[in-house]
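Here's the letter readout for the chains.
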Amino acid sequence: MTQAKKIIAPGLSEAEAIDRAKRGDAESFEALYGLHKRRVYSLCLRMTGNTAEAEDLTQEAFLQLYRKIATFRGESAFSTWLHRLTVNVVLMRLRKKGLPEVSLEETMEPQQEDGPKRDIGARDDVLAGSIDRINLERAIESLPPGYRIIFVLHDIEGYEHNEIAEMMGCSIGNSKSQLHKARMKLRDLLTLSRAEKAGRR
Amino acid sequence: MASTRAKRIWLTVTLATAVAFAADNKKEFRYAAAPGSTITVVNEFGPVTVRPSNGRQVVITATTHSDKAEADVNQTGTRIEARTHMLAKASENDSRVDYDIQVPANVMLNIDADGGPIHVERLRSDMTLQGDAAEVTVQDCSNARVHVHTLTGPVTLSNISNSYVDVTSPNGNVQLTSVSGPRVTVNTTKSNIRYTGDFAGGGQYLLNNHSGDIDVLLPTTASVDITARSVTGVVEQDFPLQQKQHLAYQLTPGRSFAGTSNSGASSVQLRSFSGKIRVKKQ
Amino acid sequence: MTCAEFQEVLPYIIEGGGNADEEEHLKSCQACSGLVSDLKYIAEQARSLVPMVDPSPRVWEGIQSSLEREGLVRPARGMGRFPAPVAVIPRRSATTKYLAAAAALLLVAVGLLMYSGTRKEAATQPVTARSSEVVPVVAALDDDDQQLLQQVADHAPAARAAYADSLATVNAYITDARNAVAKDPADHQARAHLRSAYDQKSMLYQMALARSLR
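Chains as they are written, first to last, in the working numbering: chain A, 104 to 304; chain Z, 505 to 786; chain W, 1378 to 1591.
Misleading hints may appear alongside valid ones.
[Said to hold, decoys possible] Only pairs whose alpha carbons sit at most 30 Å apart, straight line, appear in this in silico DSS-like list of lysine-lysine:
no. : chain 1 : residue 1 : chain 2 : residue 2
1   : Z       : K784      : Z       : K748
2   : A       : K171      : A       : K199
3   : A       : K199      : A       : K140
4   : Z       : K748      : Z       : K785
5   : A       : K125      : Z       : K572
6   : Z       : K748      : W       : K1417
7   : Z       : K780      : Z       : K748
8   : A       : K200      : Z       : K531
9   : Z       : K572      : Z       : K531
10  : Z       : K593      : A       : K125
11  : A       : K284      : W       : K1417
12  : Z       : K593      : A       : K171
13  : Z       : K593      : A       : K140
14  : Z       : K785      : A       : K199
15  : A       : K284      : W       : K1404
16  : A       : K200      : Z       : K572
17  : Z       : K530      : Z       : K572
18  : A       : K171      : Z       : K531
19  : A       : K171      : A       : K284
20  : A       : K199      : A       : K284
The set of hints was computed from the structure by calculation and includes no laboratory data.
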């Protein structure tokens, strides 16, 4: 077993719960859900920016997990397996909706640019030590979907560009440039909010 | 949250997903079926067709029409199961999976397909075919045990010989053509039963319903001992019969008749509560 | 190299580093190095974002009912290892078990009917009384029937109409047959009809059960 013996209920380790779940034990299903629901839901919420959609996707991800749990053989950590499954579920749903931004063609980037246009040469390192997580989460939520997905996958969930390119069906270059745009946009949003706060003092 | 290199493995997950995106996706599964094997199919929407295969191979071809449904097919020892799984809420069209199955002729069959249709031919096995609204057709079987249960799905059996047959369907019409065996029983409630054939084999035949009609067409060469009774409905006899010598019950004229033809080998009971029973010469 | 030129290639070099010119510009340009440190800082902060929100209880309920519907789950067995009982199976599974019991009861009723039919009883014995002892009350749509339809509606809403229709049909058969048996307890034909009617109703229950457990 690659995972440490995680105790998730009195007398029940994750490995045991997985084993029991394979055989249809209801309590084990619930135990596994309790252990992983937050991570799965947060991932869905961050990728979609929508609580109703995220709940729906969370449900779908766990159902797929339970349907396929018999095929999990412990060759990777259970949480990694579940994670990949969740990303796939979300991407499938987004693809289904046909969001043009998701295809990540350079030509289809969103046009809007709210926030102050910054001079390229201007110097303003306004961010170091000033982001609090609420602001960051809010800012991420307000990103256009195409940027948000890449940012979530790369900077939050830790996927590499080549992996993202494969998943999204775009080029590595696209992935990198979209990530850059996402970060730039976040920088704008976070500077703005900080400026607002500063202005109020 | 450090990224792990092990994420390479997700490729298979993604690729599998990619395959599922094709509009019509056909998958074939092959198994060797040891004697005593059973095949179970559970499928809510979509046709299920079963035919004999070559040798002892079981070949299951599942065709999905969207990526919302998947066919889960596997073998555990002597049990081969094909179940349709819904991956997401879907319309009927998207949920539909078509199963085309080839089996050794004597392998036991369990089919649960609510939408159907279910079609079985040329087998010699024990088969249970079930579905709410499924249209069920079974043909060209011999030495079989055929159990059919539907609610409203019509049932058509033709050219079945030397078999045990039992069909129950409250609301689905049942049609039997050249069906014979040691025991043939049909029970419906509101729907009609139609039998065309010679009730061969010295077997026990029972056609029973509540308010539907029972229509029987048989040749004068048939060797039968017929009793037709309707509690409140009418009976029409248009077939030559010899009076029976001993009767355990009263025969109400117009509501029942009984008699034998030739050597009276097969016992044929036609029973309706309020429906019409007609027996005619073929 | 100008800032504009640098910032144009920045997306592609921010991770792995650039060529000599690009690195040189970065070292010497405060604006661009400020930008790069901002962007890296954002990425760093994102990495440490910990999931903080739980989904609503509704999500688990949805999962649970799907698990039951798909037959992926077996009812929880109290094994004594979980001191706090996990309330896993909701009301619906109780209904499923109830349906199974109702179906079994029907079969028992049919069996008892057959037995009572073979005994020679005096015609004065009121069959109705005896029948109602062994047979569950069959009205137009009794509680069992309502539960069956609810169960079907929960799991396969599109099928509810067909089940309602078939239930009504079979109930009418049962009623007719019961009345006939009541009129003449010695009427074997009527008894045979009652048997067949119950058989079909029992089949209906079993099909509904199979559907909801799928």
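Results for each hint:
no.	hint	verdict
1	Z:K784 <-> Z:K748	19 Å, holds
2	A:K171 <-> A:K199	22 Å, holds
3	A:K199 <-> A:K140	24 Å, holds
4	Z:K748 <-> Z:K785	19 Å, holds
5	A:K125 <-> Z:K572	23 Å, holds
6	Z:K748 <-> W:K1417	101 Å, violated
7	Z:K780 <-> Z:K748	22 Å, holds
8	A:K200 <-> Z:K531	26 Å, holds
9	Z:K572 <-> Z:K531	15 Å, holds
10	Z:K593 <-> A:K125	23 Å, holds
11	A:K284 <-> W:K1417	13 Å, holds
12	Z:K593 <-> A:K171	17 Å, holds
13	Z:K593 <-> A:K140	21 Å, holds
14	Z:K785 <-> A:K199	61 Å, violated
15	A:K284 <-> W:K1404	22 Å, holds
16	A:K200 <-> Z:K572	14 Å, holds
17	Z:K530 <-> Z:K572	14 Å, holds
18	A:K171 <-> Z:K531	18 Å, holds
19	A:K171 <-> A:K284	37 Å, violated
20	A:K199 <-> A:K284	24 Å, holds
Going down the numbered hints, you'll see the structure goes against 6, 14 and 19, while the others check out.
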